[in-house]
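Peer 1: Build out the structure end to end from the sequences listed, making use of the hints.
Listed here are the chains, written in short residue letters.
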Amino acid sequence: MNEIGPIFRALTRNKLGVFLIALQIALTLAIVTNAAFIIRERAADIARPSGLDEENTAIFITTLFDSKVDQRQLFRDDLEALRSLPGVLAATPTQSTPASGGGWGEDIFNDPEKPSNEAINTGKFMVDEHGLETFGLELVAGRNFRADEIQVASLDEMPTSSVLIVSQALADELFPDGNALGQTIWDSPDGEDPMEIIGIYERMQNAWPHSSNVNNSVLVPNLPMFNGTMMYVVRTEPGQLASVMAAAEAYLSENRSRFVDVVRSFEEQKNRTYSRDIAMVKLLTAVITVLTAVTGLGIVGLAWFSVTQRRKQIGTRRALGATRYDIVRYFMLENGLITTFGLVIGLAGTVGLNWFLDTQYEVGRVPLWYLPLGMFALWILGQLAVLLPARRAANIPPAIATRSV
Amino acid sequence: MLKMKNISKVYRTELVETHALRELDLHVDEGEFIAVTGPSGSGKTTFLNIAGLLESPSSGIYELDGEDVSRLNDRQRSRIRNEKVGFIFQSFNLIPDLNLADNVDVPLRYRGWSAVQRRRAVGDMLDLVGLGSRQNYLPSQLSGGQQQRVAIARALAGKPRFLLADEPTGNLDSEMAEIVMKLLESINAEGTTIVMVTHDPDLAHRASRNIHILDGRATDSATPLSPNVTPLPERGVAHA
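In order, the protein sequence lines correspond to chains A and B. For the record, in the first sequence the residue sitting at position 181 is 181 according to my numbering, with numbers rising by one throughout. Just so we're on the same page, my numbering is the position in the second sequence counted from 1, plus 405.
There's no promise every hint is true.
Here are the computed lysine-lysine pairs in the DSS-like style, where the Cα-Cα straight-line distance is at most 30 angstroms [said to hold, decoys possible]:
1) B:Lys587 - B:Lys564
2) B:Lys489 - B:Lys410
3) A:Lys312 - B:Lys489
4) B:Lys587 - A:Lys312
5) B:Lys408 - B:Lys564
6) B:Lys408 - A:Lys312
7) B:Lys564 - A:Lys312
8) A:Lys312 - A:Lys15
No lab work stands behind these hints, which were simulated from the structure alone.
Peer 2: Okay, structure coming up:
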């Protein structure tokens with residue numbers, strides 16, 4: 001039975017009330033859709049694999065304060081000790097880790113004649129010949145570093161590596177034809193210090209998770225010795241992380257000539273790096289929850305009020321032949337019309353808000369499929385919200401029509 | 406067409422039991438115009454509610470058109486109300502947000518008639534009550550008498566077998582009341598059975614038969630009151 005016409009005409013006689021509810025629904029759609037989009041983007045960033053064996057990787061940073069200590073020998077001793085700990089699969093020295101928020105970047109060129117503004121930026125990680133295994137990277141082409149290729153890098157002496165291993169993403173950007181292996185690249189536009197790509201691994205993020213070239217990374221065969229800071233990444237067997245971390249910390253702490261600054265699982269570090277994103281996701285989730293709850297409760301409240309106000313009308317409809325189902329359907333239809341009106345306004349609001357957020361904060365454009373999905377979700381919310389008041393209306397007895405008050 | 410046998414209605418709360426109707430017997434023939442009178446609280450409205458299937462009796466048998474309707478479920482009762490009964494209420498009970506045409510259309514939509522059928526019936530009924538040119542008016546734009554005429558149009562639109570009128574002139578001045586009564590009389594003259602509850606003895610006199618309800622029991626105008634029934638204070642209502 002088609003009651004849309006009379007309901008619509010009746011609603012037009014209460015424009016302000018209808019508009020206010022519709023406006024609330026429109027605002028909810030605009031905010032919820034954009035918030036959901038931002039949440040999804042951030043959550044995707046957080047969930048994006050770093051390339052490492054995240055669950056089984058730990059990071060240790062120590063600071064050597066006794067200048068008399070032979071740092072290179074200490075590296076050797078530490079790495080030998082760490083690798084011999086029960087449960088350790090591999091360990092490597094490094095100066096940075098992926099998704100840490102801080103590290104080294106480098107501009108590289110696939111052609112020495114190119115101007116500097118055409119350099120390709122990448123994250124750079126210094127490792128020894130155990131770097132690939134420690135980071136859990138899978139070579140898709142080429143070979144690993146040999147021990148004799150590892151050079152000490154310090155503030156006094158920063159050697160240019162003649163060989164390096166790059167991520168697939170970087171390889172593809174440098175050589176779109178797919179022939180990166182064996183190619184020569186340069187870290188300056190003057191054509192000096194050529195470097196050969198000896199290997200390509202599938203994936204590893206650089207240190208900056210929000211960078212546009214997050215998957216560009218390169219491993220260089222260096223032992224980083226900068227002002228006494230010594231950083232190790234240790235990969236353990238599954239389930240051994242906690243015990244290895246405790247044992248490694250105990251070992252590192254035995255040496256009284258240094259501080260143990262950081263003992264941290266990779267997952268903890270990643271959570272720290274993404275802490276603002278995680279907070280944003282939580283905040284926006286709360287906003288969505290509260291807003292939809294408020295809107296839902298608002299619809300419930302208004303419908304409830306409407307039922308209370310129209311008890312006699314409802315009783316009259318029942319007296320004139322409406323079944324309980326007819327009454328429920330009437331309120332659902334009425335709410336459906338108001339919600340639809342609000343959602344249509346909300347469409348414009350959603351696009352407008354997204355344009356503003358993208359222009360001001362570069363959040364990206366909401367994919368079009370979010371709009372019908374958001375509208376559908378809110379429409380269902382509206383129908384669910386009105387169900388209880390509608391059922392209450394349906395229980396109003398027809399005999400109320402003959403009551404004088 | 407309307408037959409009630411031993412109809413009782415008891416309203417119960419945890420503390421109180423109220424007998425609104427007590428073993429009421431009643432019979433209304435097709436084409437009659439019955440006036441139901443009685444003092445406030447006598448059970449008139451309860452009788453009207455049961456007659457119109459707005460409520461179920463606590464006991465007894467109610468037959469409408471030969472069908473026992475006293476124990477039907479809600480959906481069946483709604484269907485019979487919609488198809489066989491027309492209601493006219495004291496306070497008109499028009500839906501204020503709907504225009505006159507939509508108001509008259511309300512029961513027809515529940516009947517499931519096509520849009521064409523409904524449009525024709527609505528137009529005919531509003532013409533009948535003299536408001537055909539005001540289909541798009543809102544009830545608030547009409548006088549009380551006009552609103553009641555719209556309510557009559559709504560009651561008649563579905564071509565019911567009988568009309569139940571609850572104090573149809575109760576909220577009208579005498580001039581408007583006369584117009585409405587003449588309309589009801591003409592409707593009755595065309596064959597529609599009318600049962601009208603009224604306080605007004607003059608209006609009751611215009612009915613073909615009066616039924617007086619007192620303490621939940623009915624006394625027909627042709628039937629002497631039982632000795633324990635207090636005579637009515639209302640003047641002119643026919644009872645022995």
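Peer 1: Output the numbers, in ascending order, of every earlier hint that fails for this structure.
Peer 2: Failing hints: none at all.
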